[in-house]
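Q: Residues per chain, in single letters:
Number of protein chains: 2
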Amino acid sequence: MIKHISGGVCAAQGFTANGIHCGIRKNKTKKDLALIYSACPATAAAVYTTNLVKGAPLLVTKAHLANGQARAVICNSGNANTCNANGIEVAEQMSEALAKELGINANDVVVASTGVIGQPLNLEPIVEGIPALVRGLSADGGDAAAEGIMTTDTVKKEDAVSFEIGGKTCHLGGIAKGSGMIHPNMATMLVFITTDAAISAPMLQKALSGDITNTFNMVSVDGDTSTNDMVTVLANGMAGNAEITEENEDFATFMKALNTVTVALCRKIAGDGEGATKLLECNVTGAKDVPTAKTVAKSVICSSLLKAAMFGADANWGRVLCAIGYSGADVDVNAVDVSFRSTKGEIAVCKNGAGVEFSEEKAKEILLESEIEILISLGNGGGKATAWGCDLTYDYVKINGDYRT
Amino acid sequence: MIKHISGGVCAAQGFTANGIHCGIRKNKTKKDLALIYSACPATAAAVYTTNLVKGAPLLVTKAHLANGQARAVICNSGNANTCNANGIEVAEQMSEALAKELGINANDVVVASTGVIGQPLNLEPIVEGIPALVRGLSADGGDAAAEGIMTTDTVKKEDAVSFEIGGKTCHLGGIAKGSGMIHPNMATMLVFITTDAAISAPMLQKALSGDITNTFNMVSVDGDTSTNDMVTVLANGMAGNAEITEENEDFATFMKALNTVTVALCRKIAGDGEGATKLLECNVTGAKDVPTAKTVAKSVICSSLLKAAMFGADANWGRVLCAIGYSGADVDVNAVDVSFRSTKGEIAVCKNGAGVEFSEEKAKEILLESEIEILISLGNGGGKATAWGCDLTYDYVKINGDYRT
Numbered sequence: 072m073i074k075h076i077s078g079g080v081c082a083a084q085g086f087t088a089n090g091i092h093c094g095i096r097k098n099k100t101k102k103d104l105a106l107i108y109s110a111c112p113a114t115a116a117a118v119y120t121t122n123l124v125k126g127a128p129l130l131v132t133k134a135h136l137a138n139g140q141a142r143a144v145i146c147n148s149g150n151a152n153t154c155n156a157n158g159i160e161v162a163e164q165m166s167e168a169l170a171k172e173l174g175i176n177a178n179d180v181v182v183a184s185t186g187v188i189g190q191p192l193n194l195e196p197i198v199e200g201i202p203a204l205v206r207g208l209s210a211d212g213g214d215a216a217a218e219g220i221m222t223t224d225t226v227k228k229e230d231a232v233s234f235e236i237g238g239k240t241c242h243l244g245g246i247a248k249g250s251g252m253i254h255p256n257m258a259t260m261l262v263f264i265t266t267d268a269a270i271s272a273p274m275l276q277k278a279l280s281g282d283i284t285n286t287f288n289m290v291s292v293d294g295d296t297s298t299n300d301m302v303t304v305l306a307n308g309m310a311g312n313a314e315i316t317e318e319n320e321d322f323a324t325f326m327k328a329l330n331t332v333t334v335a336l337c338r339k340i341a342g343d344g345e346g347a348t349k350l351l352e353c354n355v356t357g358a359k360d361v362p363t364a365k366t367v368a369k370s371v372i373c374s375s376l377l378k379a380a381m382f383g384a385d386a387n388w389g390r391v392l393c394a395i396g397y398s399g400a401d402v403d404v405n406a407v408d409v410s411f412r413s414t415k416g417e418i419a420v421c422k423n424g425a426g427v428e429f430s431e432e433k434a435k436e437i438l439l440e441s442e443i444e445i446l447i448s449l450g451n452g453g454g455k456a457t458a459w460g461c462d463l464t465y466d467y468v469k470i471n472g473d474y475r476t
Numbered sequence: 072m073i074k075h076i077s078g079g080v081c082a083a084q085g086f087t088a089n090g091i092h093c094g095i096r097k098n099k100t101k102k103d104l105a106l107i108y109s110a111c112p113a114t115a116a117a118v119y120t121t122n123l124v125k126g127a128p129l130l131v132t133k134a135h136l137a138n139g140q141a142r143a144v145i146c147n148s149g150n151a152n153t154c155n156a157n158g159i160e161v162a163e164q165m166s167e168a169l170a171k172e173l174g175i176n177a178n179d180v181v182v183a184s185t186g187v188i189g190q191p192l193n194l195e196p197i198v199e200g201i202p203a204l205v206r207g208l209s210a211d212g213g214d215a216a217a218e219g220i221m222t223t224d225t226v227k228k229e230d231a232v233s234f235e236i237g238g239k240t241c242h243l244g245g246i247a248k249g250s251g252m253i254h255p256n257m258a259t260m261l262v263f264i265t266t267d268a269a270i271s272a273p274m275l276q277k278a279l280s281g282d283i284t285n286t287f288n289m290v291s292v293d294g295d296t297s298t299n300d301m302v303t304v305l306a307n308g309m310a311g312n313a314e315i316t317e318e319n320e321d322f323a324t325f326m327k328a329l330n331t332v333t334v335a336l337c338r339k340i341a342g343d344g345e346g347a348t349k350l351l352e353c354n355v356t357g358a359k360d361v362p363t364a365k366t367v368a369k370s371v372i373c374s375s376l377l378k379a380a381m382f383g384a385d386a387n388w389g390r391v392l393c394a395i396g397y398s399g400a401d402v403d404v405n406a407v408d409v410s411f412r413s414t415k416g417e418i419a420v421c422k423n424g425a426g427v428e429f430s431e432e433k434a435k436e437i438l439l440e441s442e443i444e445i446l447i448s449l450g451n452g453g454g455k456a457t458a459w460g461c462d463l464t465y466d467y468v469k470i471n472g473d474y475r476t
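As they're listed, the protein sequences go chains A and B. Just so we're aligned, residue 72 is where the first sequence starts under our numbering, counting upward by one. Just so we're aligned, residue 72 is where the second sequence starts under our numbering, counting upward by one.
A few of these clues could be false.
Intra- or inter-copy, both count: the list cannot distinguish identical chains.
Derived pair list, reagent style DSSO-like, types lysine-lysine, alpha-carbon separation capped at 30 Å [unchecked claim]:
(1) 133 / 422
(2) 435 / 101
(3) 415 / 433
(4) 469 / 435
(5) 339 / 415
(6) 277 / 74
(7) 339 / 469
(8) 422 / 99
(9) 435 / 99
(10) 97 / 433
(11) 97 / 435
Simulated from the structure, these hints should not be mistaken for lab results. Note that the coordinates shown come from a computational prediction; the quantities given were computed from them, not determined experimentally.
Please build the complete structure, drawing on both the sequences and the hints.
A: In structure tokens:
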């Protein structure tokens with residue numbers, strides 16, 4: 072049984088964390104440096120952005136994780152350390168400074184940066200901040216770490232669960248940051264997950280790579296795939312379960328626990344999309360196969376026109392049909408049904424590709440809620456998929472009209 | 072020599088036009104019905120949206136143009152006649168009512184509708200308006216027709232040129248509407264072009280199909296491909312040139328004239344994108360081939376983040392690099408140069424994939440203009456392409472947050 076618990080990235084045994092303001096961000100009330108640390112060596116897995124422009128920290132992390140091992144994650148916000156001539160060097164020095172302070176190998180450091188692209192990252196505040204960052208590590212530090220990786224995020228994003236494998240209680244938790252430049256492909260945003268379950272590095276990678284195809288890769292805030300997207304998982308085995316080394320029942324349980332946390336983080340990222348007032352969840356059923364369902368769900372969730380209509384609580388379902396039609400998916404548009412749903416109820420707006428009469432008043436009431444489901448049936452097929460996004464608002468424009476100042 | 076002239080869709084001999092308010096739109100000061108008419112039979116060509124959801128008028132027009140002939144174009148705004156159970160029937164009745172009044176065959180009518188999707192189109196005001204619409208046909212009616220097809224457009228869009236073929240002066244002009252739901256693929260928006268050049272139907276189709284790949288298919292306002300996109304050309308031969316029936320010098324001249332008008336209309340559509348304050352033109356050079364250049368230009372022009380930055384006159388070139396990186400094009404990101412240009416000058420912001428020092432003050436001055444060029448060099452290849460778009464603004468959100476009311 073999977074139970075939601077508190078503790079975020081420190082919910083798993085042996086993990087401590089911290090977050091501080093070291094001086095990369097001008098606003099001193101904003102934390103800008105986060106650390107996660109495992110008391111013992113952990114297996115590690117990661118997925119990275121498919122953007123050809125990759126942040127230097129990702130390249131350094133990829134090299135560090137080649138052996139499937141890691142013990143610490145360091146991440147700064149305020150500067151992405153991307154498109155800088157000295158980026159690799161800076162990311163390596165950041166790892167080395169942390170490793171020295173922790174007394175571990177620089178190779179066991181996951182290093183990440185998020186923020187503005189193309190401005191040199193000043194190492195000085197980071198190097199000067201590391202001693203205090205390490206001194207402050209604690210099992211209650213998950214919140215501080217979640218804050219330390221935020222950029223335009225308005226809320227910190229964390230989630231954790233407990234579950235059982237072979238009679239042993241395991242824990243898995245994570246933190247995420249992501250608000251704009253969110254349209255992942257194969258990997259996404261910054262997400263750091265920890266678990267005390269024992270699982271081999273190859274199986275951990277398999278679990279993560281499988282999970283993201285249905286979770287982080289199904290989120291879009293603005294259609295822009297970040298250069299710095301990365302999801303990592305550290306598993307330190309302190310739960311004492313027999314190590315998972317194959318696709319057995321324990322692996323299935325682990326996947327389920329992982330998915331519970333990643334879906335919760337996806338919803339938090341989409342709901343806190345830059346400027347968003349609403350979380351949108353698009354549920355597609357009846358597709359001829361899963362890829363078709365995913366293509367349709369992603370296309371609908373990415374439509375600027377639909378996103379703006381949802382902001383205005385306008386049941387403009389024609390824009391749903393339009394987005395299905397240009398998605399590139401093989402769909403019989405004359406078999407499409409569309410409904411909107413929220414805590415205020417559900418309303419059918421389109422049957423067999425044509426409009427049905429509905430109460431605009433009731434639709435408005437449903438769409439004024441902060442979490443909206445867009446339900447699409449494509450026919451009688453068995454393929455289904457879910458995608459998450461948010462509405463398009465004045466504040467998205469405001470935030471991004473002058474982000475650097 | 073190709074010369075810009077006035078007259079729009081009536082610049083070519085034998086074409087008259089008109090536009091009236093018939094009552095589809097509530098606001099009586101807005102025209103909502105347009106007509107273009109050729110005094111003699113014309114060859115006709117068209118391209119249509121690739122959206123699987125196609126407006127009923129497109130399907131009817133496609134059937135009517137199967138013989139490569141047409142004499143009249145009728146288009147209403149305010150309602151797209153799309154996703155309605157009786158759409159085909161309504162579009163056919165609209166053609167028949169016009170044909171009867173003009174004394175032509177219903178088969179020779181191009182019928183189009185633009186506006187809200189999924190609400191039944193009321194034929195009554197159209198049928199009642201047709202006699203006045205026809206009575207008012209005149210060689211000065213191009214402006215009225217251009218107004219009659221507008222929806223959220225803030226300016227009417229028309230252009231025309233004169234050119235010579237075989238010693239005969241030919242004319243070609245067009246009107247366009249398009250402001251939101253603009254992200255064409257193979258065909259786009261509503262554009263009606265007329266010419267008095269003599270050209271066979273197959274060659275006219277070849278000219279149009281070739282031209283749009285570099286013009287309308289390179290425009291994006293919001294990434295949403297409309298269900299009702301269509302471009303048609305009518306050529307009535309009244310210029311008296313020897314009919315163009317093969318890819319000779321005359322065909323090349325015709326293509327050039329057509330391209331002059333379509334590029335002008337593209338710039339007008341992009342510059343008048345919903346809520347836009349700026350026209351963006353992305354010029355990509357040095358690509359390994361044209362498809363690569365096009366993919367990059369389209370990706371940059373479609374980036375919500377870059378569009379918002381341009382609204383804020385923020386030289387956030389990292390977003391240009393980011394959009395190049397996720398475009399899917401095969402690019403060496405370490406060879407990319409980026410500059411911004413306007414009437415206030417040009418400024419280099421990125422060389423070889425990394426930032427260069429530049430004056431933020433000068434960049435701001437350049438980016439505060441209403442037409443911005445984003446210049447991207449990908450290396451030493453011969454491929455180049457241009458795409459057009461606009462900034463993302465508060466007004467885009469406002470217009471689309473509650474479009475139906």
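Q: Could you tell me which of the numbered hints above are not met by this structure, giving the numbers in increasing order?
A: Hint 8 is the one this structure does not satisfy, whereas the remaining hints hold.
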